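Residue strings, one per chain:
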Amino acid sequence: MGAAGSKLEKALGDQFPEGERYFGLENFGNTCYCNSVLQALYFCVPFREQLLEYYSSNKSTGDAEENLLTCLADLFTQISSQKKKTGVIAPKRFVQRLKKQNELFRSYMHQDAHEFLNFLLNELVDILEKEAQAAKSDQETSSPPEKMVNGPKNAQANGSHKDPLVTWVHKNFQGILTNETRCLRCETVTARDETFFDLSLDIEQNSSITSCLKNFSSTETLNAEDKFFCDKCCSLQEAQKRMKIKKPPHILVIHLKRFKYIEQLGRYKKLSYRVVFPLELKLSNTVEDAESEYSLFAVVVHVGSGPNHGHYVSLVKSHNHWLFFDDENVEMIDESAVQTFFGSAQEYSSNTDHGYILFYESLGTSNKS
Amino acid sequence: MINTSNGMMSTTSSSNAQSPGLKTYFKTPEGRYKLHYEKTHPSGLLHYAHGKTVTQVTLAHLKDKPAPSTPTAPSSSFSTGSGVRSAAARLLGGGNGSRALSFVGGNGGSKSVSASSRVGSLVASSSSSSTSTSNFDGKGTYLIFNVGDAIFISDLNSQDKDPVKSIHFSNSNPVCHAFDQDAKDGHDLIIGLNSGDVYSVSLRQQLQDVGKKLVGAQHYNKDGSVSSSRCTSIAWVPGGDGAFVVAHADGNLYVYEKSKDGAGDSSFPVIKDQAQFSVAHARYSKSNPIARWHICHGSINSIAFSTDGAFLATVGRDGYLRIFDYSKEQLICGGKSYYGALLCCAWSMDGKYILTGGEDDLVQVWSMEDRKVVAWGEGHNSWVSGVAFDSYWSSPNSDGMGETVMYRFGSVGQDTQLLLWDLEMDEIVVPLRRCPPGGSPTYSAGSQSSHWDNALPVGTLQPAPIMRDVPKISPLVAHRVHTEPLSGLMFTQESVLTVCREGHIKVWMRPGVSESQSNNSETVLSTSLKEKPLSSGKVGSSSYKQ
Numbered sequence: 004m005g006a007a008g009s010k011l012e013k014a015l016g017d018q019f020p021e022g023e024r025y026f027g028l029e030n031f032g033n034t035c036y037c038n039s040v041l042q043a044l045y046f047c048v049p050f051r052e053q054l055l056e057y058y059s060s061n062k063s064t065g066d067a068e069e070n071l072l073t074c075l076a077d078l079f080t081q082i083s084s085q086k087k088k089t090g091v092i093a094p095k096r097f098v099q100r101l102k103k104q105n106e107l108f109r110s111y112m113h114q115d116a117h118e119f120l121n122f123l124l125n126e127l128v129d130i131l132e133k134e135a136q137a138a139k140s141d142q143e144t145s146s147p148p149e150k151m152v153n154g155p156k157n158a159q160a161n162g163s164h165k166d167p168l169v170t171w172v173h174k175n176f177q178g179i180l181t182n183e184t185r186c187l188r189c190e191t192v193t194a195r196d197e198t199f200f201d202l203s204l205d206i207e208q209n210s211s212i213t214s215c216l217k218n219f220s221s222t223e224t225l226n227a228e229d230k231f232f233c234d235k236c237c238s239l240q241e242a243q244k245r246m247k248i249k250k251p252p253h254i255l256v257i258h259l260k261r262f263k264y265i266e267q268l269g270r271y272k273k274l275s276y277r278v279v280f281p282l283e284l285k286l287s288n289t290v291e292d293a294e295s296e297y298s299l300f301a302v303v304v305h306v307g308s309g310p311n312h313g314h315y316v317s318l319v320k321s322h323n324h325w326l327f328f329d330d331e332n333v334e335m336i337d338e339s340a341v342q343t344f345f346g347s348a349q350e351y352s353s354n355t356d357h358g359y360i361l362f363y364e365s366l367g368t369s370n371k372s
Numbered sequence: 216m217i218n219t220s221n222g223m224m225s226t227t228s229s230s231n232a233q234s235p236g237l238k239t240y241f242k243t244p245e246g247r248y249k250l251h252y253e254k255t256h257p258s259g260l261l262h263y264a265h266g267k268t269v270t271q272v273t274l275a276h277l278k279d280k281p282a283p284s285t286p287t288a289p290s291s292s293f294s295t296g297s298g299v300r301s302a303a304a305r306l307l308g309g310g311n312g313s314r315a316l317s318f319v320g321g322n323g324g325s326k327s328v329s330a331s332s333r334v335g336s337l338v339a340s341s342s343s344s345s346t347s348t349s350n351f352d353g354k355g356t357y358l359i360f361n362v363g364d365a366i367f368i369s370d371l372n373s374q375d376k377d378p379v380k381s382i383h384f385s386n387s388n389p390v391c392h393a394f395d396q397d398a399k400d401g402h403d404l405i406i407g408l409n410s411g412d413v414y415s416v417s418l419r420q421q422l423q424d425v426g427k428k429l430v431g432a433q434h435y436n437k438d439g440s441v442s443s444s445r446c447t448s449i450a451w452v453p454g455g456d457g458a459f460v461v462a463h464a465d466g467n468l469y470v471y472e473k474s475k476d477g478a479g480d481s482s483f484p485v486i487k488d489q490a491q492f493s494v495a496h497a498r499y500s501k502s503n504p505i506a507r508w509h510i511c512h513g514s515i516n517s518i519a520f521s522t523d524g525a526f527l528a529t530v531g532r533d534g535y536l537r538i539f540d541y542s543k544e545q546l547i548c549g550g551k552s553y554y555g556a557l558l559c560c561a562w563s564m565d566g567k568y569i570l571t572g573g574e575d576d577l578v579q580v581w582s583m584e585d586r587k588v589v590a591w592g593e594g595h596n597s598w599v600s601g602v603a604f605d606s607y608w609s610s611p612n613s614d615g616m617g618e619t620v621m622y623r624f625g626s627v628g629q630d631t632q633l634l635l636w637d638l639e640m641d642e643i644v645v646p647l648r649r650c651p652p653g654g655s656p657t658y659s660a661g662s663q664s665s666h667w668d669n670a671l672p673v674g675t676l677q678p679a680p681i682m683r684d685v686p687k688i689s690p691l692v693a694h695r696v697h698t699e700p701l702s703g704l705m706f707t708q709e710s711v712l713t714v715c716r717e718g719h720i721k722v723w724m725r726p727g728v729s730e731s732q733s734n735n736s737e738t739v740l741s742t743s744l745k746e747k748p749l750s751s752g753k754v755g756s757s758s759y760k761q
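These protein sequence lines are chains Z and H, in that order. Using my numbering, read the first sequence as starting at 4 and increasing by one per residue. Using my numbering, read the second sequence as starting at 216 and increasing by one per residue.
Quick caveat, the hints were computed from the structure, so don't treat them as lab data. As the structure is a prediction and not an experimental result, all values here were calculated from the model. The C-beta atom is built at its ideal place from N, Cα and C for all residues, glycine as well. Check the hints yourself; a few may be wrong.
To be verified - Cβ-Cβ distance ranges computed for the label pairs, FRET-style:
id, chain 1, residue 1, chain 2, residue 2, range
1, H, G439, Z, Q243, 49 to 59 Å
2, H, G236, Z, C237, 39 to 49 Å
3, Z, L187, H, R683, 38 to 48 Å
4, Z, R109, H, K487, 53 to 63 Å
5, Z, T181, H, Q545, 46 to 56 Å
6, H, G236, Z, Q136, 56 to 66 Å
7, Z, F232, H, Q489, 33 to 43 Å
8, H, Q491, Z, Y111, 35 to 45 Å
9, Z, N323, H, Q545, 44 to 54 Å
10, Z, R188, H, K242, 29 to 39 Å
11, Z, E334, H, P672, 44 to 54 Å
Stated by the list, open to error - Which bits of chain Z does chain H cover? Going by a derived footprint, with three or more residues having C-beta under 8 Å, they are:
id, stretch
12, 208 to 216
13, 270 to 282
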């Protein structure tokens, strides 16, 4: 380990700023789903900075109750305050807390990295909202807000009874989709907004993210069994529906739906499709011609041929260099190596390392609070 | 799938069994393009170096065999092939008249002199026939393609799927190559390696040799002495007297002269600003490479010369298309992709348009007259890895000197599709006219320079256009041609060739051609094709590399 660490240190040279740390994360038995996502989040610089800022400003308020947010902040602080540039850290407290919090992650079974990311972000938002509420109305002693147990990702936004609080987590990850439905009889367009922390895209063989995004926003006709109830016509009507991005997020997280339920098999199957993702991206399926450019900074990769086993690693871009994180191991890689994680053009291939979650950051006005 | 009217299909049907769902023809307004031949490499090679290299294909036409004046062993010396130029006149006449450009790179006058020395070619000797499988005799049209650690050479006009020749490289993988039909002496094939090394050889000599190694090669940038960065694209300078350029993954492009020994010392100053274009010349006259052009930060992915050699276009990782005046070593103009890297580029035969393709899934049409993008082709579902104008195609209504000029071009992508497009100038001029303030240039008349006067200063690079500002065009045909992502395409007089990354090539016969030759006699077919010599060299093919 020591030898590998110094090797990395040598490779890093002086191309990186003094303060940047590159630490592997120990695996506690099938916790690679967690490690890979944590690395991607650590190198999501605005998120990391705001988390550390939150942590340092909240520390003074005394010993707050331990939760996932404090555990995550602890971990990030621990990494960033290391004396050495490289090494390995055990995210023990965070993993323990995670298992305590959600029974889903308690077992030693292979977990889904996207599910974990989704759970984590919603949990962080939940904690921040609770804190804000508590701060706002101290007299109103602990009204127990309904516990979010890994519900659908948009639940807290849709079902919110009051004005939703915009936390720094929202500011980084939240975007707004608008679901436009046009009644084919009266031509009235009904738009319904929903928030998202990531976009889950259906994938096709030998396609690109651009193409998957296009399909995501393609027009769908509601007819036959699946008609639309038009408020104006007061009846079920044929309609056209499409999803557009109303507000693009600052950090665009794209989840490739590689695990598909195959009805004939009665189980999930991993799609190893080759889906190319560019290092720069623009969203053209927006409501306004925003056209802000995004730059890829992290990729969570699923390694393995099936959905119930395998491994997660991550690729991370830091100060214009790419690094490969595999639990404890950290290596520098060439930018062109990112292309080896696109997937397989043929179904049976020896290559089983496939990009699963993509993290893009907007190059436009930075979104710091 | 099985087309019984064409005898050739019997040989291809077995391979199509491996690629279910792929049709062996596609329809266009002018008729059907039919799959005629497939070329590939021995399957034993599969999986070895796969994924590491991406196949590119080069078309090479070797002239009619010259009379053997010297019966001595030809492999001992450079075999000087006859350099008769046959295709130049057609090339210039392909599009919309030739552009009279005053500055032709090098001494263009020498081009018209056909080098008539005819030495050292073999009549099908016992040694060469032992390596050949079909009617191989060291002349005709060949496909040169790289797969893994090897270069393969196939006879375009034989139904044989397997190559007639393979050349293996022990030091590194070959990744790009180019052929010069007009080479004045023996060396007409240049090959760039993953290691940065470059070789020039005589194609004819390779075909006549029985071994599996490169013979009679000149070695440049030996062991990466000048640049150890991967070669990405290589091209002969048209009319450049044996000069050629090699683009590398580090954003540099080197100019070599094949007449010079590759051993001369060449060192270039350190590049001060990676983002700035700069040219450095070698300090010694014996040096080879003779110059280094630093083009951009990040890889140069593809390069292409205009037919007359006056301009050089490059595309790269930074998403910019750049157009240089080659002899003046000056950046003329260029622009950025919508987003992401650009992967391929190709000129129209008349030098008026450049096609690019890239990671934004768009086929971009760049106008040299307007110095900007004039159309975006939407239709690929993944990255566009190859683009080419069809210089043999003439629009059906253009018998006279019509006002509307139509271009046909093709593109291939990692979505495994071949797309054909028609570019009618009227279509794209109209939306453009309302954009620029004041009088916008008209297309029909006027010299190019008059438009340039009121354009941007020389060397200005345009930012990425806004989606709604660029006119969109849709493909005429979209056809899934392979099961693997594609890496290139080229047009010949009789066909369209598509190649996938893994090294499988398909030859699609044009509508008229395949029907007149549906007769299944292979000999009739191949001789009839040879009567119409194909253009040589890289007809606008380009590739996307790892």
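(request) Any hints from earlier that this structure breaks? Give me their numbers in increasing order, please. (result) 3, 7, 8, 9
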